[in-house]
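A.B. asks: One-letter residues, chain by chain:
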Amino acid sequence: MSVDLAYFKIINNIGLLPIRGVSFCDVENSDKLHLFQLESESSWTITPIQRQTSQGTPITLAHRAELTLYPMLNFFGLSSSTQALTVLLDSWKNKEIYTQLLLGNVDSDKTDWRYKPADGAGGLTYPLSSALLTKSVNSTGSMVLNFGNMRFQFEFEYVEFRPRAIIRLYAIIKQLNSISFTETHTSPFNKLFIGAN
Amino acid sequence: MVQIALLYSSTKLSSLTYNAEATNQALFYPAEWTKPLIETIEEKGKFLNGNNFSHLLYKHYNYNIVISTNEIQSSDVTFLENFWQAQFKYIAVKESTAFGNYVRVNTEGGIIPFTFIENIEFLPEFTLKLQTMEKL
Chain G
1 MSVDLAYFKI INNIGLLPIR GVSFCDVENS DKLHLFQLES ESSWTITPIQ
51 RQTSQGTPIT LAHRAELTLY PMLNFFGLSS STQALTVLLD SWKNKEIYTQ
101 LLLGNVDSDK TDWRYKPADG AGGLTYPLSS ALLTKSVNST GSMVLNFGNM
151 RFQFEFEYVE FRPRAIIRLY AIIKQLNSIS FTETHTSPFN KLFIGAN
Chain U
1 MVQIALLYSS TKLSSLTYNA EATNQALFYP AEWTKPLIET IEEKGKFLNG
51 NNFSHLLYKH YNYNIVISTN EIQSSDVTFL ENFWQAQFKY IAVKESTAFG
101 NYVRVNTEGG IIPFTFIENI EFLPEFTLKL QTMEKL
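Read top to bottom, the protein sequences are chains G and U.
Under the working numbering, the residues of the first sequence are numbered 1 to 197, in order.
Under the working numbering, the residues of the second sequence are numbered 1 to 136, in order.
If you are wondering where the hints come from, they were derived from the structure by calculation, not from laboratory data.
Just so it is clear, the structure is predicted and the values come from calculations on it, not from any experiment.
Some hints could be false.
In silico DSSO-like cross-links for lysine-lysine, where the CA-CA straight-line distance does not exceed 30 Å [stated by the list, open to error]: (1) U:Lys94 - U:Lys35; (2) G:Lys93 - G:Lys174; (3) G:Lys174 - U:Lys94; (4) G:Lys174 - U:Lys129; (5) U:Lys94 - U:Lys135; (6) U:Lys59 - U:Lys44.
So here's chain U without its partners, still in its complex pose:
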């Protein structure tokens, strides 16, 4: 089962090596998780001779994550609020035995994505869409 570590900071991390003792970090087993999806941005057009052209400009990874009620304690609500507002956000993923390195990510912004299962306030769920900051 995949486990993720979310970390936020007011400054850029000097090392991206995963640190289990890092401050402002919380671990979660997400209820929904898929492998990071590649998003591409291409410049497309048509030459005067009629041929099409396409230049691949950038590639980024997208993370779609749902952290459900079973993983969210009251202290985690505060953590996720701070994560949402932080300048520097990182994610590390453990797919088998050890966490990989931190990856700096950004969110879509807007209202913090808490929803409530069956509209019950005790059952919050946090839906995150993250994208890597650096191009692949």
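The following block holds chain G by itself, in its conformation from the complex:
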């Protein structure tokens, strides 16, 4: 009985913060890229790098942040302008790219550089304008994870009748508070991140 009560109590208090999009900025050249159509397999992890002490217990030395993002590849071949995207990705490989992950009901307005894409503008129109079309699933809260500079890698693959890209990003974070957790969510779940900040 008490278990049932506990179950119903958490139903409306678990904050869902799905990945809504990701914003990249090459600080060196001021090139920016916002991707708002990411597949649900996309994920992010922050895991500790640990070491054993002479007392036999582990200590945490730093954290490793890894992002694996799956943008749909369909738009790559739609027009000559999309060639700019592959050129951009290629120029970013192995570089450190300033990365913000957008969670929940967040829009490009929430990014640091507040770059609001205009329909039909520039060579990156298609993924940018999708920001105005896609809806966040089951989430009213939002969070922006500012990872700072991350090492950028990408690859392509074909799964279930469609090609897609995989963007992988890596960073070593010595102190967790160097990740900026900006949030507007009010669920108890999210308070964990306020503590980490």
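Using the hints, position chain U against chain G.
C.D. replies: Using the frame of chain G, we list chain U on its own:
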């Protein structure tokens, strides 16, 4: 958990009593620490009658310490570099509630013993082998 204080100076300390406010001093919780190990130096030989002899000449304490990334801020890198180069080096150890007296130590010399975990430059680790200067 053991805490150590490393202190360096260009002159010999006039007092070996631990001073929390001392300059050129930094405190660390080492990732690896064992009790000081006694090293002995003996003069050994054989008498003409065939008996062996052994004279204990000196005894020193050896400290094996690893200070890991979690304790090394960027300012500590500079401190450890200065410690490595200093003429007079001291260590004080807190095993329970209070630091003991400073003990003058020397290093093995050579290249400063920084290593990098998984070869990541952001994750330095400092491995110190110290020996007491004065014999026990």
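A.B. asks: To test your reading of the hints: which numbers does this structure violate?
C.D. replies: none
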